[in-house]
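> As a plain string of letters, each chain reads:
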Amino acid sequence: AQSVTQLDSHVSVSEGTPVLLRCNYSSSYSPSLFWYVQHPNKGLQLLLKYTSAATLVKGINGFEAEFKKSETSFHLTKPSAHMSDAAEYFCVVRMDSSYKLIFGSGTRLLVRP
Amino acid sequence: DAMVIQNPRYQVTQFGKPVTLSCSQTLNHNVMYWYQQKSSQAPKLLFHYYDKDFNNEADTPDNFQSRRPNTSFCFLDIRSPGLGDAAMYLCATSRARVSSYNEQFFGPGTRLTVL
Numbered sequence: 001a002q003s004v005t006q007l008d009s010h011v012s013v014s015e016g017t018p019v020l021l022r023c024n025y026s027s028s029y030s031p032s033l034f035w036y037v038q039h040p041n042k043g044l045q046l047l048l049k050y051t052s053a054a055t056l057v058k059g060i061n062g063f064e065a066e067f068k069k070s071e072t073s074f075h076l077t078k079p080s081a082h083m084s085d086a087a088e089y090f091c092v093v094r095m096d097s098s099y100k101l102i103f104g105s106g107t108r109l110l111v112r113p
Numbered sequence: 001d002a003m004v005i006q007n008p009r010y011q012v013t014q015f016g017k018p019v020t021l022s023c024s025q026t027l028n029h030n031v032m033y034w035y036q037q038k039s040s041q042a043p044k045l046l047f048h049y050y051d052k053d054f055n056n057e058a059d060t061p062d063n064f065q066s067r068r069p070n071t072s073f074c075f076l077d078i079r080s081p082g083l084g085d086a087a088m089y090l091c092a093t094s095r096a097r098v099s100s101y102n103e104q105f106f107g108p109g110t111r112l113t114v115l
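Sequence order for the protein chains is B and A. Residue 1 is where the first sequence starts when you use the numbering used here, and the numbers rise one by one after that. Residue 1 is where the second sequence starts when you use the numbering used here, and the numbers rise one by one after that.
Calculated directly from the structure, the hints in this document are not laboratory data. There may be inaccurate statements among the hints.
To be verified - Mimicking DSS-like on lysine-lysine, the simulated pairs with C-alpha atoms at most 25 Å apart in a straight line are:
no., chain 1, residue 1, chain 2, residue 2
1, B, K42, B, K68
2, B, K68, B, K49
3, A, K17, A, K44
4, B, K100, B, K68
5, B, K58, B, K68
6, B, K69, A, K17
7, A, K17, B, K49
8, B, K100, A, K17
9, A, K44, B, K49
10, A, K52, B, K100
11, B, K69, B, K58
12, B, K100, A, K38
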């Protein structure tokens, strides 16, 4: 069975400092992995996706994530946080043989001025 | 720009009064999904359409129905809303269902309040 664990429910950083949102997954096969961002009262926006190409994936707004099979991790990073990055972030896994997205529980990112 | 549109953005209904939420897409995608997202939770898939083929999730209550009259539009009907149905409802689309092309694109959501 597939599952996703987001290790932190809340992360607080100062503006201009690095962001690290942690995600571990459990999957029997090579999964596709996604990070989505959700601002308050908005839909989900795709930040980036891993689909068995390069292990370091670059996304929008300066975010990137590295797929580490040995650690079953797909952590999201950004070198310098901006106030507009404050939002809920979801790590998501999907098997190529399935239409279903398996969501993590979400991490709320707070950015302090 | 190609996109997923949901109307209305905010919907208030009364306990037990049927309500319909609307989703349209200009992406010409084959698959349309409806999710329910309660406060501080991850989205939960209710059902999806692959073309005209309706696929219900096993734990979706009978109170929730859906219609897809054409490729562009999909509706979520809640026959008798209860207080527990208050949530954000998200529509999503994907080009395919099972392949590397089933990246899902989400609409902005409709927030449903039940009085």
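> State for each hint whether it applies.
Right, here's what the structure says about each hint:
1. Annotation: proposed proximity of K42 of chain B to K68 of chain B is violated, straight-line Cα distance about 30 Å (limit 25 Å).
2. Among the hinted pairs, K68 of chain B with K49 of chain B is consistent with the structure: their alpha-carbon atoms are about 14 Å apart, no more than 25 Å.
3. A C-alpha spacing of about 23 Å is found between K17 of chain A and K44 of chain A, which places the hinted pair at or below 25 Å, so the restraint holds.
4. Taken as a hint, the K100 of chain B and K68 of chain B pair is honoured in the structure, with Cα atoms around 22 Å apart against an allowance of 25 Å.
5. At most 25 Å may separate the alpha-carbon atoms for a hinted pair to count; K58 of chain B and K68 of chain B meet this at roughly 15 Å.
6. Proximity of K69 of chain B to K17 of chain A is assessed by CA-CA distance (about 49 Å); at most 25 Å being required, the pair is judged violated.
7. Distance hint between K17 of chain A and K49 of chain B is unfulfilled; the C-alpha atoms sit about 40 Å from each other, more than 25 Å.
8. For the proposed pair K100 of chain B and K17 of chain A, the alpha carbon gap of about 31 Å is over 25 Å, so the pair is violated.
9. About 20 Å separates the Cα atoms of K44 of chain A and K49 of chain B, which keeps this hinted pair within 25 Å; it holds.
10. Under the criterion of a C-alpha separation no larger than 25 Å, the hint pairing K52 of chain A with K100 of chain B is consistent with the structure, at around 18 Å.
11. For the suggested pair K69 of chain B and K58 of chain B, the alpha carbons sit about 17 Å apart, so the restraint of at most 25 Å is met.
12. As the CA atoms of K100 of chain B and K38 of chain A are separated by approximately 19 Å, the hinted pair is consistent with the 25 Å bound.
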